[in-house]
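Using the sequences and the hints, build the whole thing.
Heads up: the protein sequence lines correspond to chains U and R, in order. So the first sequence is numbered by our numbering: it starts at 1 and just counts up by one. So the second sequence is numbered by our numbering: it starts at 1 and just counts up by one.
Please keep in mind that the hints were generated in silico from the structure rather than gathered at the bench. All figures in this text were calculated on a predicted structure; none of them were measured in a lab. Idealized CB from N, CA, C, for every residue including glycine. Certain hints may be false.
[Stated by the list, open to error] Mimicking DSSO-like on lysine-lysine, the simulated pairs with C-alpha atoms at most 30 Å apart in a straight line are:
| # | chain 1 | residue 1 | chain 2 | residue 2 |
| --- | --- | --- | --- | --- |
| 1 | U | K38 | R | K279 |
| 2 | U | K203 | R | K279 |
| 3 | R | K158 | R | K187 |
| 4 | R | K284 | U | K203 |
| 5 | R | K187 | R | K82 |
| 6 | R | K259 | R | K279 |
| 7 | R | K7 | R | K259 |
| 8 | U | K38 | U | K79 |
| 9 | R | K284 | U | K38 |
| 10 | U | K203 | U | K38 |
| 11 | R | K187 | R | K74 |
| 12 | R | K7 | R | K74 |
[What the hints assert, rightly or not] Just a sample of chain U residues kept apart from chain R, beta carbon distances all over 12 Å, derived:
| # | residue |
| --- | --- |
| 13 | T2 |
| 14 | Q6 |
| 15 | R17 |
| 16 | S33 |
| 17 | S90 |
| 18 | P105 |
| 19 | S146 |
| 20 | L205 |
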Amino acid sequence: MTLEIQNVTKIFPGPRRGFFDRGEGFTALENVSLSVQKGASFGLVGESGSGKTTLTRCILGLETLSAGSILFDGADIHKLTPLQMRRLRSRLQIVFQDPYASLDPRMTIHDIVAEPLVIHGDLVRLDARQRSERVLELLLQVGLTSAHLFRYPHEFSGGQRQRIGIARALAVRPEFLILDEPTSALDVSVQADVLNLLHRLQKELGLTYLFISHDLGVIRYICDDVAVIYRGRLIEQGPVANIFDNPQSDYTRMLLDAMPDPDPDRSPFRKAAAR
Amino acid sequence: MALLDIKNLNLAMTSYEGETHILHGIDLTIERGEIWGMVGETGSGKSLTGLSVSRLIPSPPGRYLAGSIEFRGKDLLRVTDKEMRVLRGRHIGMIFQDPTTNLNPAFRIGTQLVDVALHAGRADPSVLGLAAGASRGDLRRAAQRVAVEMLEKVGISKAATRINDYPHQFSGGMRQRVLIAMAMIGKPDLLIADEPTTALDVSVQAQILRLIHDLVEERNIGVLLITHNLGVVAQICSHVAVMYRGRILEAGPVGDVLKRPGHSYTRALLNAVPTAYTKRGELKGLNGLMPETAA
Numbered sequence: 001m002t003l004e005i006q007n008v009t010k011i012f013p014g015p016r017r018g019f020f021d022r023g024e025g026f027t028a029l030e031n032v033s034l035s036v037q038k039g040a041s042f043g044l045v046g047e048s049g050s051g052k053t054t055l056t057r058c059i060l061g062l063e064t065l066s067a068g069s070i071l072f073d074g075a076d077i078h079k080l081t082p083l084q085m086r087r088l089r090s091r092l093q094i095v096f097q098d099p100y101a102s103l104d105p106r107m108t109i110h111d112i113v114a115e116p117l118v119i120h121g122d123l124v125r126l127d128a129r130q131r132s133e134r135v136l137e138l139l140l141q142v143g144l145t146s147a148h149l150f151r152y153p154h155e156f157s158g159g160q161r162q163r164i165g166i167a168r169a170l171a172v173r174p175e176f177l178i179l180d181e182p183t184s185a186l187d188v189s190v191q192a193d194v195l196n197l198l199h200r201l202q203k204e205l206g207l208t209y210l211f212i213s214h215d216l217g218v219i220r221y222i223c224d225d226v227a228v229i230y231r232g233r234l235i236e237q238g239p240v241a242n243i244f245d246n247p248q249s250d251y252t253r254m255l256l257d258a259m260p261d262p263d264p265d266r267s268p269f270r271k272a273a274a275r
Numbered sequence: 001m002a003l004l005d006i007k008n009l010n011l012a013m014t015s016y017e018g019e020t021h022i023l024h025g026i027d028l029t030i031e032r033g034e035i036w037g038m039v040g041e042t043g044s045g046k047s048l049t050g051l052s053v054s055r056l057i058p059s060p061p062g063r064y065l066a067g068s069i070e071f072r073g074k075d076l077l078r079v080t081d082k083e084m085r086v087l088r089g090r091h092i093g094m095i096f097q098d099p100t101t102n103l104n105p106a107f108r109i110g111t112q113l114v115d116v117a118l119h120a121g122r123a124d125p126s127v128l129g130l131a132a133g134a135s136r137g138d139l140r141r142a143a144q145r146v147a148v149e150m151l152e153k154v155g156i157s158k159a160a161t162r163i164n165d166y167p168h169q170f171s172g173g174m175r176q177r178v179l180i181a182m183a184m185i186g187k188p189d190l191l192i193a194d195e196p197t198t199a200l201d202v203s204v205q206a207q208i209l210r211l212i213h214d215l216v217e218e219r220n221i222g223v224l225l226i227t228h229n230l231g232v233v234a235q236i237c238s239h240v241a242v243m244y245r246g247r248i249l250e251a252g253p254v255g256d257v258l259k260r261p262g263h264s265y266t267r268a269l270l271n272a273v274p275t276a277y278t279k280r281g282e283l284k285g286l287n288g289l290m291p292e293t294a295a
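Structure below.
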């Protein structure tokens, strides 16, 4: 099982000009190709507006492509029937960036985590009791307890909410997880816990990750391969160690230099101050 | 005399569940030319300390149990609201975390900047380069000129035309620059920056940090930089205070605290940041680590 992205281009239509005419479109992705191997963690780094999120939306089939194709396990995602697409989504899940916005405030944690099991009921085939058991199993897996089952999202901290988001994504036993900046809304200390949880889950469940982030430290920590995206184009890609230790493009070098190092002696501002 | 001298600050907040003691005796002294970093997790009280200095905590629910915040020898907790309004913006500048919610979407950038400039100018016309007793027309013209100058200074090109844009026409980094420009118009002596780069990309973050650093060099102001990013602290701060549950656990020059942390909590925070040398699975979170230190 692999994800194969071939020469994907996505152009958003420009503003209307008169009745029939349209202005020039905005090219969000230009000729992007990459492949993610089974069991690997693939990192995608880029600034805001570089097209990271557009790419994930294309992979999930939420956007149409202007050119190119996305193959999941050999099947072209954008040529599937709606039913086949729904089947596929049970194997391909996503954890969203903002744990404050991605959980319905009026649903209990139990209902939130059980919802994918209901939606994919024709595949999962669990009755209500079995669903509840599965939900509890998932909560334990991500480090929550049965005491949390019937609470509401507002009762949880950011890190706990992100765990709930991960449990929901894992509910239908997917093989592939897209993580769209899963830790950027969290404190460093909580971030470390969530990263370790993701690492543990990958080992236990044999998951494949597409990990999107603008934090190079996080990418380096969790990923095997990395691609750098800038204004819709892939600047470079390769194994994490290569890209980080020996960046080929100026843009990647600039990103690496901009990464604040917690060692005060490496600060670019501190050269003047004698220390 | 220190620029800012916080002594034994104790703050309690009231909620439906009763009064909670939030800050337990904060002591902090900031001199001109120093950039103090204040690090800690969510809920450690670092933002409330910052807000206390600009006295933006409404009371109730807030209540100061003890302590003083002396700004150039004057206790901010005891000045009148009217005096405080003059200090705020004119002598104490503030930048907040989210540049999107801190600009009014219905007004042009220029209008908002000129408002701030006029406010500072009314209190002290010399800020706008005018003599005392300048006419209102002069003030307004000067305020307009200063607004454009400040916008140029924080690195926004074509400031004279961009000033007529609305906030949504600016990117996140540019909005944060506008907020910095706004905070610097009154030529404050003390700048309080509450997570100024948390919502920004690393490359933009580097630019904003450079901007703050250059302002300190140029104007010799004092800065209180509130953040949870130890990388940012290591980059630009001269001193750092580590906060945990309303207490300062450790404070001192950045080199000493980050290189030779004296407190296990500081060490744990440093270990939670993934660096180039951290192996997968070696990162340590702080879950369950802290109860013994928490009093």
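Each hint tested on the structure:
About 21 Å separates the Cα atoms of U:K38 and R:K279, which keeps this hinted pair within 30 Å; it holds. With a C-alpha separation of about 15 Å, the suggested pairing of U:K203 with R:K279 holds against the 30 Å cut-off. Proposed proximity of R:K158 and R:K187 is supported: the alpha carbons are some 23 Å apart, at most 30 Å. Proposed proximity of R:K284 and U:K203 is supported: the alpha carbons are some 18 Å apart, at most 30 Å.
For the suggested pair R:K187 and R:K82, the alpha carbons sit about 19 Å apart, so the restraint of at most 30 Å is met. Annotation: proposed proximity of R:K259 to R:K279 holds, straight-line Cα distance about 21 Å (limit 30 Å). At most 30 Å may separate the alpha-carbon atoms for a hinted pair to count; R:K7 and R:K259 meet this at roughly 27 Å. A distance of roughly 22 Å separates the Cα atoms of U:K38 and U:K79; the hinted pair therefore holds under the 30 Å criterion.
A threshold of 30 Å between alpha carbons decides the hint, and for R:K284 with U:K38 the separation of about 27 Å falls inside it, so the pair holds. For the suggested pair U:K203 and U:K38, the alpha carbons sit about 12 Å apart, so the restraint of at most 30 Å is met. This hinted pair checks out: R:K187 and R:K74 have alpha carbons roughly 19 Å apart, not beyond 30 Å. For a cut-off of 30 Å, the pair hint linking R:K7 to R:K74 stands: about 13 Å separates their Cα positions.
The claim that U:T2 is not at the interface with chain R holds, since no C-beta of that chain comes within 12 Å of its own (minimum 22 Å). At the 12 Å boundary, the C-beta of U:Q6 stays outside the reach of chain R, the nearest C-beta of that chain being 28 Å off. Residue-level check passed: U:R17 sits 20 Å from the nearest beta carbon of chain R, beyond 12 Å. Residue-level check passed: U:S33 sits 24 Å from the nearest beta carbon of chain R, beyond 12 Å.
In this structure U:S90 is separated from chain R by more than 12 Å, as the shortest Cβ-Cβ distance comes to about 28 Å. Even its closest Cβ contact with chain R, about 19 Å, leaves U:P105 beyond 12 Å, as expected for a residue assigned away from the interface. For U:S146, the condition that its CB be more than 12 Å from all CB atoms of chain R holds, with the nearest at approximately 19 Å. Non-interface status of U:L205 relative to chain R is upheld: no Cβ of that chain comes within 12 Å, the nearest being about 16 Å off.
Comparing the model with each earlier hint shows no violations; every hint is respected.
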